[in-house]
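Engineer: Here's the letter readout for the chains.
Number of protein chains: 2
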Amino acid sequence: MTKKPLILVTNDDGVTAPGIKALIAAMKPLGEVVVVAPDSPQSGMGHAITVNSTLYVEKLDNEQNIYTCSGTPADCVKIAINEILKRKPDLCVSGINHGSNSSINVIYSGTMSAAIEAGIEGIPAIGFSLLDYSWNANFEAAAIYARKIASTVIENKLPEGVILNVNIPNLQEKDIKGIKISRQAKANWVEEFDKRVNPMGREYYWLTGKFVDLDKGEDTDEWALKNNHVSVVPVQYDLTAHHYIQTLNSWDFNG
Amino acid sequence: MTKKPLILVTNDDGVTAPGIKALIAAMKPLGEVVVVAPDSPQSGMGHAITVNSTLYVEKLDNEQNIYTCSGTPADCVKIAINEILKRKPDLCVSGINHGSNSSINVIYSGTMSAAIEAGIEGIPAIGFSLLDYSWNANFEAAAIYARKIASTVIENKLPEGVILNVNIPNLQEKDIKGIKISRQAKANWVEEFDKRVNPMGREYYWLTGKFVDLDKGEDTDEWALKNNHVSVVPVQYDLTAHHYIQTLNSWDFNG
Numbered sequence: 067m068t069k070k071p072l073i074l075v076t077n078d079d080g081v082t083a084p085g086i087k088a089l090i091a092a093m094k095p096l097g098e099v100v101v102v103a104p105d106s107p108q109s110g111m112g113h114a115i116t117v118n119s120t121l122y123v124e125k126l127d128n129e130q131n132i133y134t135c136s137g138t139p140a141d142c143v144k145i146a147i148n149e150i151l152k153r154k155p156d157l158c159v160s161g162i163n164h165g166s167n168s169s170i171n172v173i174y175s176g177t178m179s180a181a182i183e184a185g186i187e188g189i190p191a192i193g194f195s196l197l198d199y200s201w202n203a204n205f206e207a208a209a210i211y212a213r214k215i216a217s218t219v220i221e222n223k224l225p226e227g228v229i230l231n232v233n234i235p236n237l238q239e240k241d242i243k244g245i246k247i248s249r250q251a252k253a254n255w256v257e258e259f260d261k262r263v264n265p266m267g268r269e270y271y272w273l274t275g276k277f278v279d280l281d282k283g284e285d286t287d288e289w290a291l292k293n294n295h296v297s298v299v300p301v302q303y304d305l306t307a308h309h310y311i312q313t314l315n316s317w318d319f320n321g
Numbered sequence: 067m068t069k070k071p072l073i074l075v076t077n078d079d080g081v082t083a084p085g086i087k088a089l090i091a092a093m094k095p096l097g098e099v100v101v102v103a104p105d106s107p108q109s110g111m112g113h114a115i116t117v118n119s120t121l122y123v124e125k126l127d128n129e130q131n132i133y134t135c136s137g138t139p140a141d142c143v144k145i146a147i148n149e150i151l152k153r154k155p156d157l158c159v160s161g162i163n164h165g166s167n168s169s170i171n172v173i174y175s176g177t178m179s180a181a182i183e184a185g186i187e188g189i190p191a192i193g194f195s196l197l198d199y200s201w202n203a204n205f206e207a208a209a210i211y212a213r214k215i216a217s218t219v220i221e222n223k224l225p226e227g228v229i230l231n232v233n234i235p236n237l238q239e240k241d242i243k244g245i246k247i248s249r250q251a252k253a254n255w256v257e258e259f260d261k262r263v264n265p266m267g268r269e270y271y272w273l274t275g276k277f278v279d280l281d282k283g284e285d286t287d288e289w290a291l292k293n294n295h296v297s298v299v300p301v302q303y304d305l306t307a308h309h310y311i312q313t314l315n316s317w318d319f320n321g
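In order, the protein sequences belong to chains R and W.
Note that the working numbering has the first sequence beginning at 67, numbered continuously upward.
Note that the working numbering has the second sequence beginning at 67, numbered continuously upward.
Errors might be hidden in some of the hints.
Given that identical chains are not distinguished, each listed pair holds provided it fits within a single copy or across any two copies.
What the hints assert, rightly or not - In silico DSS-like pairs for lysine-lysine, Cα to Cα no more than 27 Å straight-line:
#1 K87 / K261
#2 K282 / K223
#3 K246 / K214
#4 K70 / K94
#5 K261 / K152
#6 K70 / K252
#7 K223 / K125
#8 K70 / K261
#9 K276 / K214
#10 K94 / K243
#11 K243 / K223
#12 K87 / K223
#13 K70 / K125
#14 K125 / K261
Worth flagging that the hints you see were computed from the coordinates, not collected in a lab.
Looking at chain R on its own, in the form it has when it is part of the complex (with noise of 0.2 Å):
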């Protein structure tokens, strides 16, 4: 008899977010399911890892083996590898993010920063991420594609170095037009500051801004989007520019 799968779960929008209880849902009938995930919300908090700092780990639900800790997505997965399971992970899963990692939201994401550190570790994983920020958002049609693609991760693996980043548009199920294949779109933020007086006087900013997509391409992922697909970008942390190599090697640093 093969072992059932071990699947680790996390996300950045931590343990209480209503998007982890649905994909712990999702997941369950796939294998056994372990969550490590921050203690409260980490959004924005890109590649960040505790180095400086020190690390609390609560299990906080025994039935349902359910871990808190005090760090970061990155953190989470790498103490959940290290230190909570007992083996290594068939699938590591993040999310269900409550907003968009589509384009180059990846950057930012601590969704997708857990799921890449999992995949630096060698376990296949995936992000998982729904086009609605609010806390109250619709994860049905979410947890259905969440399912369908991580059993298929499951049963065929991934190679080394690559991740799924999938993004699921804000519809019903039925109105979602079936999984696609996507590039990361050219797209990013032009930000606004919001300048404020604080009470004491002192001047400060809100980081906002506005997402501009300039890739008239329909091999994106904020095409598959816009056009009711879910997208499946695969992701790599090998961030070398190999294409350009050649070029720099011809120029004269000494001129």
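Take the given structure of chain R and dock chain W to it, following the hints.
Structural biologist: Showing chain W alone in chain R's frame:
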């Protein structure tokens, strides 16, 4: 008469770090320098941004154009470009980091996240790191190479989407064998968590680990550094694993 290049200097060790002082001095002969750096150390911050909190900016030094920001390295770049600088900088340099950002460390690096953020905003950008973690590191040789490389980038520009990750061995200038264009080595950290008990009897962890380089290539940044070269890796923020799109397209997600 052409304007002097405008150079934005930032880092992740904070405005008081000797590394950024060395970088500021190295950039002065190349153009007009403006510094916007974190008001406290931000190591291991990855590509974090401040979305759920406020940002404060202080002008620290009028003559030298030095500003501090209460946010992350990526925040510093965003607020510099949008609120502090009067025109788009010709170059953004980040560092000189106290400690390596070679191979997989690029993922966790606040130094590189600042440079990558500038790259996303369309500014040629370079992150510099010295292979010495100590506060009293000797930045002499690193500063010489930082100036050489920055000056070459100002001249040649960088294409959209490419940022340089420069690591400098901890050697005197005469012992450095020059610059080697490299790729990111396939290396990683094997974590070890140091478990302790606090005075109140509660367990906590410190994250420690061992760096393991399993990459045998002689074209990697690790190889270059071990062989006394300055490594220069072109880095991109398009994380798409383009080579894997075709395989994913052959998967049956409804199987």
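Engineer: Taking 27 Å as the upper bound on the Cα-Cα distance, should K70 and K125 be classified as within, between, both, or neither?
Structural biologist: within (22 Å within a copy, 58 Å between copies)
Engineer: Measure nothing new, just compare the shortest in-copy and cross-copy C-alpha distances for K70 and K94 to 27 Å and report within, between, both or neither.
Structural biologist: within (11 Å within a copy, 61 Å between copies)
Engineer: Between the shortest in-copy and the shortest cross-copy C-alpha distance, which are at most 27 Å for K276 and K214: within, between, both, or neither?
Structural biologist: Neither, since 32 Å and 37 Å both go past 27 Å.
Engineer: With identical chains treated as interchangeable, where does the CA-CA distance between K243 and K223 reach 27 Å or less: within a copy, between copies, both, or neither?
Structural biologist: within (25 Å within a copy, 43 Å between copies)
Engineer: As a check of your reading, is K87 near K261 (CA-CA no more than 27 Å) within one copy, between copies, both or neither?
Structural biologist: neither (36 Å within a copy, 29 Å between copies)
Engineer: Treating 27 Å as the Cα threshold, decide for K246 and K214: within, between, both or neither.
Structural biologist: Result: close within a single copy only, 13 Å intra versus 45 Å inter.
Engineer: Can you tell me if K261 and K152 fall within 27 Å by alpha carbon in one copy, between copies, both or neither?
Structural biologist: Classified as between; 17 Å across copies, 49 Å inside a copy.
Engineer: What label fits K282 with K223 when the C-alpha limit is 27 Å: within, between, both, or neither?
Structural biologist: between (32 Å within a copy, 25 Å between copies)
Engineer: Reference check for the pair K94 and K243, CA-CA at most 27 Å: within, between, both, or neither?
Structural biologist: within (25 Å within a copy, 56 Å between copies)
Engineer: Is the C-alpha distance from K70 to K252 at most 27 Å within one copy, between copies, in both cases, or in neither?
Structural biologist: neither (40 Å within a copy, 31 Å between copies)
Engineer: From the Cα coordinates, with 27 Å as the cut-off, is the pair K125 and K261 best called within, between, both, or neither?
Structural biologist: between (41 Å within a copy, 16 Å between copies)
Engineer: Between copies, within a copy, both or neither: which fits K87 and K223 at Cα up to 27 Å?
Structural biologist: within (24 Å within a copy, 48 Å between copies)
Of the numbered hints listed earlier, those contradicted by the structure are 1, 6, 7, 8 and 9.
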